[in-house]
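**Q** Whenever a hint applies, use it, and build me the whole structure from the sequences.
Spelled out, the chains give:
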Amino acid sequence: MAVRRRVVPVVLVALVGAVLTLPSFAQTTGGTLVIGRGADAVTLSFYASAAPDSETMAHVVETLFKLSPDGKVEPHLAESSQLSADGRQLTIRLRRGIRFHDGTPFDAAAVKWNIDYFRNPDNRVPFRFLVSEVTGVDVVDATTARITTGRPFVPLLAHLTHDFIGMHSPAAVERAGGMRPPDGAPYGRAPVGTGPYKFREWVRGDRIVLERNPDYWGPNKPALDQIVWRVIPDDGARVLALESGQIHVAVRVPPRDTSRLAINRALRVDRTSSLRTIYAAFNYQRRPFTDVRVRQAFNYAVNKRAIVQTILGGAARVSDAPISPGIVGYAPVMTYAYDVAKAKQLLAEAGFPNGLNVTFHHPTGRYVQDAAVAAAVQAQLREAGINARLVTMEWATYLQVTNRPVNQTDIEMFMLGWGTVTGDADYGLYSLFHSSQWAPGGSSRFFYKNDRVDGLLDQARAITDPARRAATYKQAMELIMQDAPWLFLHSESQITGLRREVQGLVVHPTERILAMTARVSR
Amino acid sequence: MATYLIKRLLLAVPVLLGVSVVVFTMIRLIPGDPAQLMAGQAATEEIIREIRETLGLDRPVVVQYAIFLRNAARGDLGHSLFNRAPVTEELALRFPRTVRLGVASMLVAAAIGVPAGIISATRHLTWVDSLVMVVALAGVSIPVFWLGLNLILIFAVRLQWLPAIGHETWAHLILPAVTLGTASAAIIARMTRSAMLEVLRQDYVRTARAKGVAEPSVVGRHALRNALIPVVTVIGLQLGTLLGGAVLTETVFAWPGVGRLLVDAVLARDYPIIQGTVLLITSTFVLLNVLVDMVYAVLDPRIRYE
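In order, the protein sequences belong to chains A and B.
Heads up: the first sequence begins at 191 in the numbering used here, then just goes up one per residue.
Heads up: the second sequence begins at 58 in the numbering used here, then just goes up one per residue.
Just so you know, these hints were derived from the structure itself, not from any lab.
Virtual Cβ for every residue (Gly too), placed ideally from N, Cα, C.
Please note: incorrect hints may appear among the correct ones.
Facing chain B, according to a computed beta carbon distance under 10 Å, are these residues of chain A, among others [to be verified]: (1) Ala240; (2) Ala652; (3) Ile653.
Not everything, but these chain A residues come out facing chain B in the computed CB check (under 10 Å) [to be verified]: (4) Pro259; (5) Val263; (6) Val591.
**A** Rendered as C-alpha cells:
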C-alpha cells in the first residue's frame with residue numbers, strides 16, 4: 191500500500207512531464223522543407239548527368255554504398271562487402287527486408303538488374319564508365335550479389351557510391367514503359383526507389399515535390415512531410431526569397447550577400463568545401479607552355495590567397511594538390527608562393543626577359559566569380575610582365591572551343607573546373623593527367639604528358655592496400671605539381687543560406703543538399 | 058471585312074515558313090553542340106556521338122528540316138532534346154503564364170500611362186507636364202532586374218506584404234506586373250501625350266470648345282478617341298514584345314514563362330524548343346497586329362477594309 195501511494199504521484203508527474211514535452215517534440219516532425227536552386231533537374235533515372243538530378247534522386251533512390259562528407263565509403267543498402275584476394279570479385283551482402291516504394295523487394299536480383307542495365311553499352315547510359323570494368327554480376331542468393339571485374343579495379347567501391355548508380359525498382363521501370371536514352375523517359379519522370387522520400391510531383395522548370403516514405407527501412411526515419419525543390423534562376427532573387435521566408439534553403443549564395451545574411455537573426459550561412467577544383471590550364475604542347483619554367487613562373491606570379499580572400503569572400507580553399515580534400519587519395523602536396531621576382535627570373539631564364547603575351551580563355555557565370563577571378567589573374571600577371579588577353583564566351587561555345595584536338599586548337603591558357611564526383615582520386619587524376627585521356631577522346635583539354643605519372647596512375651588503379659595506393663597517388667601528385675601543367679587556383683566553397691528553423695540538413699562536398707535527416711521546427 | 062481578315066491570316070503562313078527556315082539554319086550555324094552539353098564536360102567522344110545519333114542530329118540539316126515540317130503540319134513540334142518533353146506540351150504549359158503576366162503588365166501600363174499622358178497633355182508646359190515626363194524617362198531608363206529586385210526587397214522581405222517569387226496566385230502577379238509594366242507605362246505616357254497634344258490642336262476641338270462643350274467631354278470624347286489610334290498601336294506592339302516573354306522579369310521572379318524557356322533553350326542549344334517557341338512568338342505577333350488593325354476600324358470610322 192505504501193509503495194502504491196508513492197508510485198502514483200511519480201507516475202502522474204512523469205505523465206504530466208511527458209505531456210508538457212510532447213508539443214516541442216511534435217513540432218520538429220512534419221512540415222515542408224523548400225529548397226531554392228538555380229536549375230531544374232533533367233531526368234531522375236540512369237541518364238542523369240548533372241547535380242540537380244543526383245541531388246533529388248538521392249532522396250528517392252539509394253545506392254549500395256555511401257560517401258560520407260569526410261570522404262569515407264560506407265555500406266548503405268549493402269550491409270557489408272568483401273573484395274577477393276585477387277581484387278577481381280566484390281561480394282556484397284545486402285540488408286534484409288528492404289522494399290521499394292512500390293512494395294517489390296529489394297534483393298540481389300534487383301542489384302543485378304540495375305548494374306547490368308547501367309553497364310550495357312546498348313543502353314547508352316552516359317556515365318557507364320563508372321562500371322565499365324565490370325564483366326559480370328551474379329546472384330549468389332536473395333541477399334548476396336557478386337560483382338566481377340576483368341582486372342583488379344579498386345575504385346569500384348567508390349564508384350558504387352555515385353548517385354547515378356542508384357537502385358531503381360525494376361518492376362517500376364517496366365510498368366512505366368522503360369527507360370530510354372537520352373533522358374530515361376518515360377520512367378525518368380517519376381522514379382521509384384527505396385529512399386526515405388517518395389516521388390510525388392514534378393512541374394518542369396518550377397518544382398519537384400517529394401513526400402515522406404512512412405515505411406523507410408533505415409534507422410534515421412524521415413521527419414518532413416514534404417521536400418520541395420524550387421527553381422529560382424537568379425542568385426539575387428533566390429537570396430531574397432530566403433529572406434522573405436518563402437524558401438528555407440538557398441544554394442549558391444553570392445559572396446557579396448553573405449555579410450547581409452550573417453547579421454539577419456532569422457538566417458544562418460553555411461560554408462562547406464566542394465570537391466570541385468578550379469584551375470587555369472596551359473596548353474602543354476604549345477609554346478611558351480612547353481617550358482616548365484614558364485608554367486612555374488605563372489604560378490609564382492599569381493597571388494591565389496588574395497583572390498580567395500577578396501573575390502571569393504574567403505569561401506574557397508587555395509589548391510595544394512590537383513584534387514580537393516575529402517577525396518580518397520588526396521594529400522597536401524605543395525603551393526607556389528606568391529613571388530613576382532621569382533616569376534620574372536624564371537621567365538628570363540626561359541628566354542622571356544621582357545615578359546610575354548598570352549591569350550587566356552575563361553567562362554562567364556559557370557563557376558563562382560569566374561570572370562572576376564580571370565580578371566584578377568590578368569592583373570597580377572601584368573606585374574610579372576605577362577600580358578594576358580582575356581577571351582570569354584557562353585558555356586556551350588566554350589565547351590566546344592576548348593575541346594578541339596591538339597593539332598587543331600589555338601587555345602593557350604583556359605579556365606575550367608573539375609568535380610571529382612566519385613570521391614576517388616582515380617577519377618580526378620586519371621581523367622585529367624593520364625596521357626591517354628587527351629581531348630576530344632578524353633577529358634584532358636591541356637594535353638599533359640608525363641610517362642612516370644602515367645605509370646603511377648595505372649598502378650594505383652590496381653593496388654588494393656589503401657595506404658600503398660595513397661602513397662602512389664601522392665607521388666604522382668608531386669610530379670604533377672612540379673610540372674605545373676596548371677595555374678593551380680582553388681577549390682570552391684559552397685555558400686548556402688538557411689533559415690534557423692532548419693536542422694539536420696547536410697551540404698555535401700559533391701555540391702548536393704541532402705535533406706534525409708532534415709527537420710523544420712515550427 | 059471578313060475576307061480582309063482571312064487574307065491577313067493566310068499571309069501569316071509564308072511569314073511563319075520564312076521564320077522557321079531562318080531559325081532552323083541560324084541555330085545550327087552558331088557554335089555549341091547540344092549533344093556535348095547534354096553529356097557534360099567529362100563525357101567522351103563516344104558518348105557524345107551516341108547522343109547525337111539518338112537525337113537524329115547526325116542527319117543532314119535538310120533532312121532534319123523536312124522531318125520538322127512534316128511533323129509541324131500535323132501539329133507536332135517535336136520533343137525537347139534535353140528532357141524529351143513534347144514542345145507543344147511545354148509551350149501549352151508556359152504560354153498561358155506568359156500571357157497572364159503580359160496582359161497584367163499591359164493593364165498596369167495602360168492604367169498608369171494613358172491617364173498620365175492625358176494629364177501631361179492637358180497641363181502642357183506646366184510643372185505637372187515636366188514632372189510626368191521626368192518620371193516617364195526614369196521609368197524607361199530603370200533596368201528591369203534592378204527594379205524587380207528592389208520591389209522584392211521592399212514588399213516581400215521588409216514589409217512581407219507580397220510573395221517574392223513564384224506564380225501560383227494573383228498575389229504573385231503583382232510585383233512582376235508592376236516591374237514589367239513600368240517601362241511600358243512610360244512609353245505609353247509619352248505616346249499618349251504626343252498624340253493628345255496633336256489632337257488638341259485640331260480645328261474640331263477648338264470648335265467643340267467654342268460650342269461650349271465641357272472640357273472633360275472635349276478631352277474624353279472628342280480628343281481622346283482620335284488620340285488613341287497611335288496609342289493602340291504602341292500598346293499592341295508592346296504587348297507583342299511582352300508575350301515574346303519578358304525574360305529578365307521571368308528570371309528575377311522565377312516566373313516559368315516562355316521568355317526563360319527560350320533563353321534557356323538557346324543556351325542549351327535545345328533546337329526543337331527554340332524552333333517551337335520562335336514560331337509561337339511569331340504567330341502571336343502576327344495575330345496581335347491583325348487585332349490592332351481591327352481595333353483601328355472600330356476607333357476610326359474612316360478606316361474600312363475590303
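**Q** If you take the shortest Cβ to Cβ gap from alanine 240 of chain A to chain B, is it below 10 Å?
**A** holds (7 Å)
**Q** Going by Cβ atoms only, is proline 259 of chain A closer than 10 Å to chain B?
**A** With Cβ-Cβ at 22 Å, over 10 Å, it is violated.
**Q** Per the CB criterion, is alanine 652 of chain A less than 10 Å away from chain B?
**A** violated (22 Å)
**Q** Would you settle whether the hint for valine 591 of chain A is holds or violated, based on the nearest Cβ-Cβ distance to chain B being less than 10 Å?
**A** holds (7 Å)
**Q** Taking 10 Å as the limit, does the beta-carbon of isoleucine 653 of chain A come near enough to a beta-carbon in chain B?
**A** violated (24 Å)
**Q** So, as I understand it, the hint says valine 263 of chain A touches chain B; can you test that by seeing if any CB pair is closer than 10 Å?
**A** violated (21 Å)
Hint compliance for this structure: hints 2, 3, 4 and 5 are broken, all remaining hints hold.
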